[in-house]
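In order, the protein sequences belong to chains P and C.
Numbering-wise, the first sequence is residues 1 to 71 according to this note's numbering.
Numbering-wise, the second sequence is residues 1001 to 1411 according to this note's numbering.
Think of the hints as simulated: they come from the structure by calculation, not from any bench.
For every residue, glycine included, the Cβ atom is placed at its ideal position computed from N, Cα and C.
Please note: incorrect hints may appear among the correct ones.
[Said to hold, decoys possible] When the alpha-carbon atoms are kept at most 30 Å apart in a straight line, the in silico DSSO-like pairs for lysine-lysine are as follows:
id, chain 1, residue 1, chain 2, residue 2
1, P, Lys52, C, Lys1404
2, C, Lys1162, P, Lys52
3, P, Lys6, C, Lys1127
4, C, Lys1323, C, Lys1090
5, C, Lys1102, P, Lys52
[As the list claims (entries may be wrong)] One side of the interface only, derived from the structure: several residues of chain P facing chain C at Cβ under 10 Å:
id, residue
6, Tyr10
7, Thr13
8, Ile14
9, Leu16
10, Ile20
11, Asn24
12, Thr54
[Stated by the list, open to error] From the structure, some residues in chain P lie toward chain C, with a derived Cβ separation under 8 Å:
id, residue
13, Leu21
14, Phe61
15, Leu62
16, Thr65
17, Thr66
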Amino acid sequence: MEQILKFFWYSSTIILIFTILIHNPKSEGLGSVGAQNQFFSNTRSTENTLNKITWLFLVLFLLLTTIIAVS
Amino acid sequence: MSQKSDLRNRIIFTLFLLVLARLGIFIPVPGIDHDAFYASVEKNTLVNFLNIFSGGGFSTIGIFALGIVPYINSSIVMQLLTKIVPNLEKLQKEEGELGRQKITQITRYLALGWATLQSGAISIWVKPYVFNWNFAFVCESVLALTAGSMIIMWLSELITEKGIGNGASLLIFQNIVSGLPKNFTQSFFDASYSNASLKFGLFIAIFLLMIIITICVQEGTRRIKIISARQLGKSSILDPNSYLPLKLNQGGVMPIVFASASMALPSYLTQIIQNKTLLQILYLFCPNGSLYLLLYCALILFFSYFYTSIVMNPEDIAINLKKMGASIPNIRPGQATIDYLQVILNRLTFLGASFLFTVALIPFIIEKVTQIQNLRGLGATSLLILVGVAIDTAKQIQTYVISKKYDSMTK
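Make the full structure from the sequences, and use the hints.
If you want it as structure tokens, here you go:
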């Protein structure tokens, strides 16, 4: 049981890191504090799907980590 | 009506992400004896310093323990590199939006590398507190901590993009605030202090004074009068409403964030380096060392100038003025204007940086006078960041409301 859990944990974590990295943020990160943001930009559909996938794996990662830590 | 609810949604979304970022700090990395670890790190100055940025996540080794630190560090490195490496500078300056996006992307990969290294160091460092230390544990904790740091980075980007305010600085803000109650109790409700209430009152007074000074410094602008061609015919009196605002502190909070993040470096190195002479030199720059303040001052100055040079380019201002048909009275357009602006910017930045440093000194002075210890934990660094981020965020909300108003007017 634990092995299966660990396997899922490993794969979800790696996929999570990967999905976060392929995001292409419009924001310029820390470099633009105080600068005007682009408020009216439409997010493209690919970005939306990517966001959903990232959320899914984020929740999965948090859940699995909690389960492993508690058990 | 819809614009109001849109703003509300953005704020709720931001708060939701901040809560999520806070929750992750309390999900522990599996396999560590957390009680033993917590007891041993409480006195460690480096951990306490790192806690400022990660909101206490460091002493509990939660999965978000690294927090936004790798991302900040890689941002510093990238900002410096864009000044040094010609290819990167070209990307930033000449290729506009696309180039900057590329730089952001590189920064993110760098953050991943940094997070991996740092979590690797942590997983070796916590060896005494681990039930079963082996290769599998190192892999797991590196993966968990790296993923946590990546999540935080993504959340900060989401806040910047779909929420309100700058994500990274809001996360730092939240972490500092979450550390305040602990700091207060440590400083005032310790049994060893007599007349705690008097000191508490004094402290609150100084705290408010510092906030006021900080706001003044952050908001201070030098107004350079400008005159445009169409004004000339009417009268010889200059319109007081047309001026060029140059902020006293162009970089906002970033010089302080960067300077204090760099200040953690010597403490880091003392944990790694074994050489005695090198260690002695490094200890001078650690929080209790004699050269600590000097280095801090130098770094604030450096990052202030550095940031001003990124944000404000006198050449661009001069060109824009020329395009608008405006000029500064008694200064010729072109090279003379550039030189004039450069001199003013240099002086302003020096003044601004000196102010920042003065505010940074106040907690040390209070500590000497009142004998209250532990003030440095919530010292000037935190306070300046708090005020700066609060002002930035409030401004962004105002800008957002105004721009929405204009938007609805044109419909």
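Verification of the supplied hints:
Between Lys52/P and Lys1404/C the alpha-carbon distance is near 27 Å, which keeps this suggested pair within the 30 Å criterion. At most 30 Å may separate the alpha-carbon atoms for a hinted pair to count; Lys1162/C and Lys52/P meet this at roughly 14 Å. Distance restraint check for Lys6/P and Lys1127/C: the Cα-Cα separation of roughly 21 Å lies within the 30 Å cut-off, and the hinted pair is therefore satisfied. With a C-alpha separation of about 24 Å, the suggested pairing of Lys1323/C with Lys1090/C holds against the 30 Å cut-off.
With a C-alpha separation of about 23 Å, the suggested pairing of Lys1102/C with Lys52/P holds against the 30 Å cut-off. Given the 10 Å rule on beta carbons, the hint for Tyr10/P holds: about 7 Å separates it from the nearest Cβ of chain C. Because the beta carbon of Thr13/P sits about 5 Å from the nearest beta carbon in chain C, less than 10 Å, this interface hint is met. With a cut of 10 Å, the hint placing Ile14/P at the interface with chain C holds, because the nearest CB-to-CB distance is about 7 Å.
Look at Leu16/P: its Cβ gets to within about 6 Å of chain C, closer than 10 Å, so that hint holds up. For the restraint placing Ile20/P at the interface with chain C, the shortest Cβ-Cβ distance is roughly 5 Å, inside the 10 Å limit, so the hint holds. The interface hint given for Asn24/P holds, since its Cβ lies 7 Å from the closest Cβ of chain C, which is under the 10 Å cut-off. With a cut of 10 Å, the hint placing Thr54/P at the interface with chain C holds, because the nearest CB-to-CB distance is about 7 Å.
Annotation: Leu21/P was flagged as interfacial toward chain C, and the flag holds, the nearest CB pair being 6 Å apart, inside 8 Å. Below 8 Å, beta-carbon pairs count as interface contacts, and Phe61/P has one with chain C at about 6 Å; its hint therefore holds. Taking 8 Å as the C-beta contact cut-off toward chain C, the hint placing Leu62/P at the interface holds, the least distance being around 7 Å. Hint status for Thr65/P relative to chain C: holds, with the closest Cβ pair at about 6 Å, below 8 Å.
Nearest Cβ of chain C to the Cβ of Thr66/P: about 5 Å, under the 8 Å cut. The hint holds.
Checked against the numbered hints listed earlier, the structure breaks none of them; every hint is satisfied.
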